[in-house]
Amino acid sequence: MNWLTKTIGASIGKKLMMAITGLSFIGFLMAHLAGNLTIYGGKDAFNAYAQKLHTIGPVLKVAEIGLLVFAVVHVLTGVWLFYQNYNARPQKYAIKKSGGGRTVGSRTMPYTGLFLLVFVILHLSNFTFTDKSQTTIYEIVSSTFANPFYVMFYIIAMAVAAVHVSHGFWSAFQSLGLNHSKYMPIIMVLSIVFAVVVGVGFGFLPIYISFQA
Amino acid sequence: MTKTINITLKVWRQNGPQVKGRLETYHADNISTDMSFLEMLDVVNEQLTLSHREPIAFDHDCREGICGMCGAVVNGRPHGHQKGTTICQLHMRQFNDGDTIVVEPWRARAFPIIKDLAVDRSALDKIIQAGGYISANTGAAQDANNITVAQNIAEKAMDAAACIGCGACVAACPNASAMLFSGAKISHLALLPQGKPEAARRVTHMLRAMDELGFGNCSNERECEAECPKEISIVNIARMNREFIKAGFSSSVE
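Just so you know, the sequences run in chain order B and Z. So the first sequence is residues 286 to 498, counted in our numbering. So the second sequence is residues 2 to 255, counted in our numbering.
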């Protein structure tokens, strides 16, 4: 098994870990957004969706544990990469300008990532690890977004997620070696499209709910 | 009549690998715009020598943009702001009268400074030594056309082989990664039939060497392909990633 640790521990191996876990989160985000859209169907539709989701029981548990493991891998590998990359240039340039390769997304990956980690912890404590015996998920959501601070925080977090995804999406394909002259331009466009879908799709929900309340 | 300009230079001066360096200001007056950047530095060095000061150390060789020996970061851009050129082919007509130009060496842990603008790039040689070659049997040469190579594959291999190993990709990379260099070197051999037998061993060993030499990791910032004087594309990095995945998970190389 020495070969496995050597392969995964190499620089490309670490990038592979980031790409595979990252792409899984993109899949998760799509499913999460699709589910959340039931909010537009009203209180009952959203509660029914949440209930239905929990009836699949063990499958959901496996998915949750999988996401948790992937999140740990993504965060730890990211921190490791950030540390190594920071150390690869001990003396910084007095002046450094971009040649046009970097984007807002690529430039800020470690920082948007860290912010999203904080957001995810807060988000889970808001909606997942909370007592639901006396109330419904819709009530928790609407009472949370009655607070303008939460509305603002969630909108900012979704903008940050959009920026993170705008680089992460195409970057994952490149890291996996899936760069082809026919498909890469499409993937680059999809990267931006998906970032907008994440930002607007999730970001508009708190606004909508706060107006409903 | 040749146009001349006056410029202010801020050049990184450092006496050796271990000592502290600093930016020093020099004035270069009446510089012909037909001069290359290195010729301009020659003029400055002549003046420094005549006034009994230490000339600025910088690497150079062919001055035709093909050897890969020269290189410095000019106003924050490796080899200067002109696309697809080495610093020896960057001409002073690219600058304006009265400009202040900051010149720094390549900065990376893997490239220790020898003196001033000259850095030790033998780390790139070590990556090559780890596997950037093919083994050919001795004896009579075989017939031409015995090994067929499709034109489009030959073109791709040639695009990768255009790498002159100057190190601008490392200098440009926010992570000081040598992935474009390694990707180009691995690609141009992996694409050709002559490179196939050792492909798995090559990519594994070269990547391991790159990691051990203290280069950073690729985070797909694309600064390398933007600054590469030979305009080598990051598709070569993707090809190396594929080669590495193949070698890591489906070859017998450990």
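Simulated from the structure, these hints should not be mistaken for lab results. Do not take every clue at face value.
A few chain B residues that don't get close to chain Z, going by computed Cβ distances all over 12 Å [to be verified]:
#1 T323
#2 I324
#3 N332
#4 I341
#5 V347
#6 G385
#7 N464
DMTMM-like cross-link-like pairs, simulated, lysine to aspartate or glutamate; straight-line CA separation at most 25 Å [as the list claims (entries may be wrong)]:
#8 B:K377 with Z:D121
#9 B:K291 with Z:E40
#10 B:K381 with Z:D144
#11 B:K381 with Z:E199
All C-beta atoms in this analysis are idealised placements derived from N, C-alpha and C, irrespective of residue type, glycine included.
Verification of the supplied hints:
no., hint, in the structure
1, T323, "holds, 35 Å"
2, I324, "holds, 35 Å"
3, N332, "holds, 42 Å"
4, I341, "holds, 32 Å"
5, V347, "holds, 25 Å"
6, G385, "violated, 5 Å"
7, N464, "violated, 3 Å"
8, B:K377 with Z:D121, "holds, 17 Å"
9, B:K291 with Z:E40, "violated, 47 Å"
10, B:K381 with Z:D144, "violated, 52 Å"
11, B:K381 with Z:E199, "violated, 39 Å"
Comparing the model with each earlier hint shows violations of hints 6, 7, 9, 10, 11; every other hint is respected.
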